[in-house]
Amino acid sequence: MSHPSTYNPNSGLEKWLDARLPILRLAHDSFVDFPTPKNLNYWWTFGGILTVCLVIQIITGIVLAMHYTPHTSMAFDSVEHIMRDVNYGWLMRYVHANGGSMFFLAVYIHMFRGLYYGSYKEPREVLWMLGVVIFILMMATAFMGYVLPWGQMSYWAATVITNLFSAIPLIGDDIRTLFWGGFSVDNPTLNRFFSLHYLLPFAIFGVVMLHIWALHVPGNNNPTGVEVKDVKKDTVPFHPYYTVKDGFGIAVFLVLFAAFVFFNPDGLGHPDNYIKANPLSTPASIVPEWYFMPFYAILRAITFDLGPISSKLGGVIAMFSSLLILFVLPWLDRSKVRSMRYRPAARLWFVIFVVACIALGVLGGLPAEGRNVLYAQIATAYYFGFFLIILPLLGIMETPKPLPRSIADAVLNKHKPEAASGGAQPAPAE
Amino acid sequence: MTTSDDTEDGEPTRREFIHIMAGVTAAAGAGATLWPLVDQMNPDASVLALSSKEVDVSAIAVGQAIKVMWQGKPVFIRHRTAEEIAEAEGTALSALKDPSARNENLAADADAEDANRRVDPNWMIVVGVCTHLGCIPLGTSSGENRGDYNGWFCPCHGSHYDIAGRIRRGPAPDNLDVPPYEFLSDTVVKIG
Amino acid sequence: MIARTTIFAALASLAGMTAAIASAGSAKEAEHHHWHFAGPFGTFDKDALQRGYQVYETVCASCHGVEQLSFRNLGQKGGPFYLNTCPAGFADNVDCSNPNENPIVKALAAQYRYQVLDGPDDSGDMVERTPLASDRIPGPYPNEVIARLANNNALPPDLSLITKARHHGPDYVYSLLIGYADAPATVEITPGQYYNPYFHGDMTQALKPEFLDAEGHVVDGVVVPVGGVLAMAPPLVDGIVDYADEATPETVEQYAADVVEFLTWASEPKMEARKSMGVMSLIYLVILCIILYWSYRRVWAGLKK
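Chains as they are written, first to last, in the numbering used here: chain L, 901 to 1330; chain F, 4 to 195; chain E, 1024 to 1328.
The following block holds chain L by itself, in its conformation from the complex (with noise of 0.2 Å):
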């Protein structure tokens, strides 16, 4: 939230730094004085979290690039020599495993936060948007890097989703022999992966500063959705209150973080990684990692043709509308009430939204036959019927329960016995 700088530079030097870069001014009021919403929940505390897996992310990934060599004769055998050989190389390894997945579990959480709590509603646009890019973006990198230690699944992996950009019309074959720079995927392809796959995460800080920036301008969103009125009432200083909470928020997380890099470093890996790429044998079956089962889904579900798509042009066109789709959504929810508290109906729709997407994540990982495609089917349906068509009809026919007035007064509220609490409503579910 914008409000009137608090930084008072104690010693001389600090004066001397402020008045030629105010870096710690800016520190100061962003991350100290920050005016924050009293009534944060535990959900709010995975923006922290995530900040921690980045940076965790990318000191590990500069740590194994030390040491892999991005050559498809070599890539397999680097990697091994990191896990055997060189000192804590199996820690750094499991640890940046380990990192994307518990990473992508953050950030779901953190997106369906956003979803539930009316985050990307106006006048945060612009921050839910820059949100849309970093998942975007992290997809990118998190695909790239899962192939760079070239076993069977990082191969057929990498041929899978480059063959998906065949099917755009006209240039869809050119477009993937650009990818691949030769005529499958080959040395070339696993270099380039390995550029950008250590570029890629510095691009996500770049826009991770723009996230913060757009968050700071109209400050937090609250589980009230209610803004700030009055910022003594309503708020407190982002330190020490939020900077303890979200402390205490991400050493729990490190608790399930360290459970599966030290207890079981493989389990959210696929066994068939740890034998070597070979270009003559494909596995008996291809999953992705659990984290882009959902999309996967979706992209299979399409198996009929739609006039002139093919049910393969039309798969991909549905998995990156499903992704798109989030740019748009704070224009297609019209409802004045941000949070899903005071929005019975929303919250029902949205739970079974949260449904079909652990549905479509189970189906992503299961064989698409029999039944499984009708059920990712329906699945897939209902994650564009929640956005294009059950969200913007609730905004007209739902009718909200009561807001409280302020922040303050549900902080408050909460503490009194029920029937002070301002109305016949039951207490919200928080």
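Because the hints were derived from the structure by calculation, they are not lab data.
Please note: incorrect hints may appear among the correct ones.
Taking CB as the label site, the calculated pair distances span [to be verified]: (1) E/S1299 with L/F1102: 32 to 40 Å; (2) L/I1209 with E/G1244: 43 to 51 Å; (3) F/C138 with L/L921: 14 to 22 Å; (4) L/L1206 with E/H1191: 38 to 46 Å; (5) L/L1180 with E/G1065: 34 to 42 Å; (6) F/S144 with E/P1063: 55 to 63 Å; (7) E/A1267 with L/A1103: 56 to 64 Å; (8) E/W1317 with L/D918: 30 to 38 Å; (9) E/T1209 with L/N1091: 28 to 36 Å; (10) L/F1227 with E/G1244: 54 to 62 Å; (11) L/I1186 with F/E147: 25 to 33 Å; (12) F/T36 with L/I1186: 34 to 42 Å; (13) F/C138 with E/V1168: 39 to 47 Å.
This structure is a prediction, so every number in the text was calculated from the model and none was measured.
Every residue, glycine too, gets a C-beta built ideally from N, C-alpha and C.
Position chains F and E against the provided structure of chain L, taking the given hints into account.
Relative to the frame of chain L, chains F and E by itself:
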């Protein structure tokens, strides 16, 4: 101690014990994480495995020399003739540019007489890197220029080494290094 | 409340997801063997590792390589032949905990059944020489073509990652090794192929013609057997490897368990370091969580007044 630190408007002070402890614990964790990130840059197990090398010298005839790679550097192994040994042992210390033995098997203050430059008088083993700027001196393979002192000659800037690998003339400041080595048997030498 | 339960359900289903994928295939489910290395505190049984190495070298190495392993790995910390101190009779300056100086490892390398291809020598020829501790353990075949020619066009997979490269790897390899069985009466096995109920395959292909209709579909009422056929003959028989330790039975089950112990170590030699660091990390993180939670409650306590 906790309650008394609270200021009147309910703001907790940042000096409470538990907050300091939280900060210290988190910092300790971050510090411990730092070591693997640094240690990964040290030589790894596959590099360390090659830190020593066993060489069979039985095939080197008297008067011949070979070059072997050890830790990424060439090592010269010369089977010296009786005349060469006599020449090396007869050289006065005053004639040497660098009076130090430069022998990793001996103390740093040993002087550069021939006995301090080798284990067995028949074998001269030195690291083949010119002490001037790191070129590889000539003189190991037959037919190469052995310089004015019948040892090795660095073509980069004209450094002449004698038959004991000692610098005699030219810009190089030090004698050629003698690597740590031992004879495991009469014909096998372990370098490193 | 609804939203919160949903997201917990989502987390729970993530955990179940990988298991669901693993269940595809028509093979018999692998025997669950109790492994010394199982569980968060599991370590490798050093004696089993040594016996397992012996089984590998005597039997498996006839066809399978372990290309990610060097001899020195056998003598590194946690390896089968690691020595903390030298046996009596060694000079003071020898450090036997250094895998490159470990006398057992040097002997194993020097006596190994295959030579290492090195060179070119001074005359430009490649030469075979005795392996050193720093060498990779040489495999049986110089290249894939020769490996296939020697094995009826089947390629024996490298074993250095085999327990990681299969679902439930240790149990699977163990079951496969002890699980060879006579083929069911409904199938015809071609010579040079062997039936194993634990091998992933499609036995429809092997059904005798009388159980298939004109279009190649299975006749109603006929059950296709689980498992598959592979080109590897049953490699282990009782007594094929001589254990120095008289107390250990020389049976197929014992050999299989020992060699799986060894191959699991070969797949991840740093497993013990991983688990012990994991225990320390989790203890630290839980303490950190408690302290941070306490600190968090203290910071916020002032607001609640």
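For each hint, the structure was consulted:
1. E/S1299 with L/F1102: 32 to 40 Å: holds (35 Å)
2. L/I1209 with E/G1244: 43 to 51 Å: holds (44 Å)
3. F/C138 with L/L921: 14 to 22 Å: violated (47 Å)
4. L/L1206 with E/H1191: 38 to 46 Å: holds (42 Å)
5. L/L1180 with E/G1065: 34 to 42 Å: For E/G1065 against L/L1180, whose Cβ atoms are near 37 Å apart, the range 34 to 42 Å holds.
6. F/S144 with E/P1063: 55 to 63 Å: holds (59 Å)
7. E/A1267 with L/A1103: 56 to 64 Å: With a Cβ separation near 60 Å, E/A1267 and L/A1103 satisfy 56 to 64 Å, so the hint holds.
8. E/W1317 with L/D918: 30 to 38 Å: holds (35 Å)
9. E/T1209 with L/N1091: 28 to 36 Å: The hinted range 28 to 36 Å is violated for E/T1209 and L/N1091, with Cβ atoms some 51 Å apart.
10. L/F1227 with E/G1244: 54 to 62 Å: holds (57 Å)
11. L/I1186 with F/E147: 25 to 33 Å: violated (59 Å)
12. F/T36 with L/I1186: 34 to 42 Å: holds (36 Å)
13. F/C138 with E/V1168: 39 to 47 Å: Holds: the Cβ-Cβ distance is about 44 Å, inside 39 to 47 Å.
Violated hints, listed in ascending order, are 3, 9, 11; each of the other numbered hints is respected by the structure.
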